[in-house]
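**Q** The chain contents come next:
Protein chains: 6
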Amino acid sequence: MTNKAPTSSTSGDEFTHFDASGQAHMVDVGAKENTHRVAVARGKIRMQAQTFKMIAQGNSKKGDVLGIARIAAIMASKRTSDLIPLCHPLALTRVTVDFEQDPENLCIHCTAQVETRGQTGVEMEALTAVQVGLLTIYDMCKAVDRGMVMSDIRVMEKRGGKSGEWVADIDAPTIPTR
Amino acid sequence: MTNKAPTSSTSGDEFTHFDASGQAHMVDVGAKENTHRVAVARGKIRMQAQTFKMIAQGNSKKGDVLGIARIAAIMASKRTSDLIPLCHPLALTRVTVDFEQDPENLCIHCTAQVETRGQTGVEMEALTAVQVGLLTIYDMCKAVDRGMVMSDIRVMEKRGGKSGEWVADIDAPTIPTR
Amino acid sequence: MTNKAPTSSTSGDEFTHFDASGQAHMVDVGAKENTHRVAVARGKIRMQAQTFKMIAQGNSKKGDVLGIARIAAIMASKRTSDLIPLCHPLALTRVTVDFEQDPENLCIHCTAQVETRGQTGVEMEALTAVQVGLLTIYDMCKAVDRGMVMSDIRVMEKRGGKSGEWVADIDAPTIPTR
Amino acid sequence: MTNKAPTSSTSGDEFTHFDASGQAHMVDVGAKENTHRVAVARGKIRMQAQTFKMIAQGNSKKGDVLGIARIAAIMASKRTSDLIPLCHPLALTRVTVDFEQDPENLCIHCTAQVETRGQTGVEMEALTAVQVGLLTIYDMCKAVDRGMVMSDIRVMEKRGGKSGEWVADIDAPTIPTR
Amino acid sequence: MTNKAPTSSTSGDEFTHFDASGQAHMVDVGAKENTHRVAVARGKIRMQAQTFKMIAQGNSKKGDVLGIARIAAIMASKRTSDLIPLCHPLALTRVTVDFEQDPENLCIHCTAQVETRGQTGVEMEALTAVQVGLLTIYDMCKAVDRGMVMSDIRVMEKRGGKSGEWVADIDAPTIPTR
Amino acid sequence: MTNKAPTSSTSGDEFTHFDASGQAHMVDVGAKENTHRVAVARGKIRMQAQTFKMIAQGNSKKGDVLGIARIAAIMASKRTSDLIPLCHPLALTRVTVDFEQDPENLCIHCTAQVETRGQTGVEMEALTAVQVGLLTIYDMCKAVDRGMVMSDIRVMEKRGGKSGEWVADIDAPTIPTR
Chain A
1 MTNKAPTSST SGDEFTHFDA SGQAHMVDVG AKENTHRVAV ARGKIRMQAQ
51 TFKMIAQGNS KKGDVLGIAR IAAIMASKRT SDLIPLCHPL ALTRVTVDFE
101 QDPENLCIHC TAQVETRGQT GVEMEALTAV QVGLLTIYDM CKAVDRGMVM
151 SDIRVMEKRG GKSGEWVADI DAPTIPTR
Chain B
179 MTNKAPTSST SGDEFTHFDA SGQAHMVDVG AKENTHRVAV ARGKIRMQAQ
229 TFKMIAQGNS KKGDVLGIAR IAAIMASKRT SDLIPLCHPL ALTRVTVDFE
279 QDPENLCIHC TAQVETRGQT GVEMEALTAV QVGLLTIYDM CKAVDRGMVM
329 SDIRVMEKRG GKSGEWVADI DAPTIPTR
Chain C
357 MTNKAPTSST SGDEFTHFDA SGQAHMVDVG AKENTHRVAV ARGKIRMQAQ
407 TFKMIAQGNS KKGDVLGIAR IAAIMASKRT SDLIPLCHPL ALTRVTVDFE
457 QDPENLCIHC TAQVETRGQT GVEMEALTAV QVGLLTIYDM CKAVDRGMVM
507 SDIRVMEKRG GKSGEWVADI DAPTIPTR
Chain D
535 MTNKAPTSST SGDEFTHFDA SGQAHMVDVG AKENTHRVAV ARGKIRMQAQ
585 TFKMIAQGNS KKGDVLGIAR IAAIMASKRT SDLIPLCHPL ALTRVTVDFE
635 QDPENLCIHC TAQVETRGQT GVEMEALTAV QVGLLTIYDM CKAVDRGMVM
685 SDIRVMEKRG GKSGEWVADI DAPTIPTR
Chain E
713 MTNKAPTSST SGDEFTHFDA SGQAHMVDVG AKENTHRVAV ARGKIRMQAQ
763 TFKMIAQGNS KKGDVLGIAR IAAIMASKRT SDLIPLCHPL ALTRVTVDFE
813 QDPENLCIHC TAQVETRGQT GVEMEALTAV QVGLLTIYDM CKAVDRGMVM
863 SDIRVMEKRG GKSGEWVADI DAPTIPTR
Chain F
891 MTNKAPTSST SGDEFTHFDA SGQAHMVDVG AKENTHRVAV ARGKIRMQAQ
941 TFKMIAQGNS KKGDVLGIAR IAAIMASKRT SDLIPLCHPL ALTRVTVDFE
991 QDPENLCIHC TAQVETRGQT GVEMEALTAV QVGLLTIYDM CKAVDRGMVM
1041 SDIRVMEKRG GKSGEWVADI DAPTIPTR
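Residue numbers (my numbering), protein chains in the order written: chain A, 1 to 178; chain B, 179 to 356; chain C, 357 to 534; chain D, 535 to 712; chain E, 713 to 890; chain F, 891 to 1068.
Please keep in mind that the hints were generated in silico from the structure rather than gathered at the bench. Only a predicted model underlies this, so the values are computations on that prediction, with no experimental measurement involved. Note that beta-carbon positions come from the ideal geometry of N, C-alpha and C, so glycine has one too. One or more of the hints may lead you astray.
Restraint-style ranges between C-beta atoms, simulated for each label pair [as the list claims (entries may be wrong)]:
no.: 1; chain 1: F; residue 1: D992; chain 2: A; residue 2: S163; range: 40 to 48 Å
no.: 2; chain 1: B; residue 1: K231; chain 2: F; residue 2: D992; range: 30 to 38 Å
no.: 3; chain 1: D; residue 1: Q591; chain 2: E; residue 2: G734; range: 52 to 60 Å
Some chain C residues near chain E, calculated using beta-carbon distances under 7 Å [stated by the list, open to error]:
no.: 4; residue: A380
no.: 5; residue: H381
no.: 6; residue: M382
no.: 7; residue: D384
no.: 8; residue: V385
no.: 9; residue: G386
no.: 10; residue: S437
no.: 11; residue: P441
no.: 12; residue: P445
Just need the whole structure built from these sequences, with the hints factored in.
**A** As structure tokens, then:
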């Protein structure tokens, strides 16, 4: 049984998704503990003032854009390992998706929190939820505003696993000036 | 056979994904022409200098991050209608995904071009390709750089269909100052 | 090239999903015309009075069961050929799903209308939408009412294709007395 | 890390699939025990006498409708969390699907039993199996009998988990007189 | 709109799935004609005498291995573009799968014929059907015969499209002596 | 609760995927232990000399056929339970796929190793990875060599579970003379 090289290094100076010969693999997490793992991701979509107003007025009686985007985001988190080639399939135990309206910046912010009791983290599931939540907003509003832009999609914090707790340094300049 | 209201309005002052009573539906594109439709979407992921350098050195012999992200992006474009609730299934006729290294800003830019001969546009397929391309880069590098940020994901241009050609106004201030 | 037997008989006295030797196949629709095809399916879920009241009070501000069920139904119609073994994949051009509250009988009725320009009908897509719409209501309410029952799920009418228009005889006794 | 409100209430007077602010989420099952969980669901499809006779005569040599429907039902149970928005993905440990012919009422009854060792119940998986089993019968017979009707689809019993054993009260009048 | 290089060359001296710079893409088939396209693929699985006998005795009353493998093969052909990265999604118009028992060589042969009216060929769909048909036989018999071997999986013939008809040269030595 | 017959017999003289009445089911693995399970599968694709040479020259700069096939193989292993009707869904903990060039026989060999901590083995996941890895090579090279043949696809060894370790007898004549 071939077992070429230690592959799940977390030393931080090499990519774990490649083996010693540089080929991609789905890394071995079999020896990792089943711990409670949590990840929070966040991102936003910016739009025109009229589009923002139309979304803000929506509700289940007429035009509930955010309610639909929330469902799409939750469902997408369950498809993460189908989409991301080297991502492990995981039994998620909790997914929440919140949208926050930011009228000053004409943005809708999306925050997803995903949890599992498992052997790998759920950052990818949280990011996928955010991406698809924002994409669904784009889809539903594109007929009136094709120029919407999605930005600042990132992991905000994570907990659990060997690397423990991590919180993003949000004061770091994430979007450099062009 | 119920046919409550005209539903595929493109007048630009209402969301087409809701019917006259405000309920979500997959809009009727049956009367639209099968035309050659093209969409180009673009986005970027920003990272630490060391991460950028590691990706730049990758190749098929060791650590081909971008080659894998390209495949993930192309495959994801084919799953778009599975992910986006009101998106029509479409037979894509061409998908290309390019990555561009931007050492000055420590960014990888992803550009996806999608084409079809069909009854609806392919903006969502192009955006989904970009999102999953960037997500895959995040996944493969997250062990060394958890703080990567994805931004400026947008449609750059589209062609075909009733609304014809559209090009993004990229000089518009898409990311407002915080 | 084997072409054992005429397989797409619509004479009505044999199952078209089996070939002359009785083996299952996906029937040949390649010679059929691309016509405008429409199907309407319908079904209901019966529940306790308290459950019905809770659903009726729901909206996007709190507990929009029907809005979520509608999205699930629409998405499921796009997955029909993944679920039903001998169903042809189809590019749907329109999907609408409506829920109707029937307080007298403590039922929610679900009606799905699906359309395509294609070579086969869309009855299965409409039925799948109704089934998953009702299932989603069950899922969201099962913590308060595990005994809900789904019934009278059927095709109401169809149009297009060689067999033309068909309307269900709803006065026929569809649910025999036990 | 946001944790707005207790969300997995099972008090029976509110829907658990919404949080305190009324937004949909995938509820937290992370603290639940991994117990042996079983669910049995059941439903039927009614048809014309000739259709019933044709199905009854089927076998693997010619026209095995029920054998194919059984496979579709089993496969569908594995796709449940893809179809039902707020359903947790689960590793099923056993799925059985039985069909029973009821010549007196011209019905085929479908019973599905699903089991897992997991943190949530498998009622939805059992119901999905029944629904897709019946849908597949409809699909295979629709060329000869478009008016078939699916009814009485319900959970018959469940075991395991905090709420323990539950058995449907089948004498309750589930199908009200029209 | 970038359009770097002619990409759908069929000159036979280069791989069409890479662009001029060597990067993978889903090639442009948009200018190709919608023609009637047919592909036939074939393969076999070899087993122990006892296993062969058990399969041969199967029928819908007890152990219909081949009936189940046929359904799996047909369903898999519809998933081809989900599995093969650069494969175009296609609306298949016909799929048939046949098994042939070869008692002399203790093999089951699987032949799949797939058809479409589309812009690309269906060789991959036919091969995928054969592979999954054989895999399903393996799965169902592995408890009694883990050493089964699948071989000689190939395209036998294709028709339609620009390259027209092609028939495999089956007398060529396909399996070299070890 | 029906529990007709002991169903997970491993006595080796009957197919476990059928119950006592001969109907297919997904066998009960709920009582099995969660052990470390490993499976290795292998197969090859034979081609013309020119095709072999073109693949051998590929790399991430131009035409990385094997890199793409590896990703497809890994992703396919995660879809196994979607493709194989009676296969249990499993949380894989490790997947590796290697290609070996065999210039003497003009073959590319594919070896996949899959691991889990679970209640059933991962032979099917390893075989699916090999099949889709080889299919992807075929897809990418078919424009230059339609006659490629895939052979000798088999499980090489497995570990874990009640049946313990098993190694293929590779000296057995697996491909009988025609």
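**Q** With reference to the structure, classify each hint as holding or not holding.
**A** Taking the hints in turn, this is what the structure says about them:
1. D992(F) <-> S163(A): 40 to 48 Å: The hinted range 40 to 48 Å holds for D992(F) and S163(A), with Cβ atoms some 41 Å apart.
2. K231(B) <-> D992(F): 30 to 38 Å: Cβ of K231(B) to Cβ of D992(F): about 36 Å, so the range 30 to 38 Å holds.
3. Q591(D) <-> G734(E): 52 to 60 Å: holds, 59 Å
4. A380: Holds, because the Cβ-Cβ distance from A380(C) to chain E comes to roughly 6 Å (cut-off 7 Å).
5. H381: holds, 4 Å
6. M382: holds, 4 Å
7. D384: holds, 4 Å
8. V385: Holds - the Cβ of V385(C) comes within 7 Å of chain E, reaching about 5 Å at its closest.
9. G386: Holds. Min distance 4 Å.
10. S437: holds, 6 Å
11. P441: holds, 5 Å
12. P445: holds, 5 Å
The structure agrees with every numbered hint stated previously.
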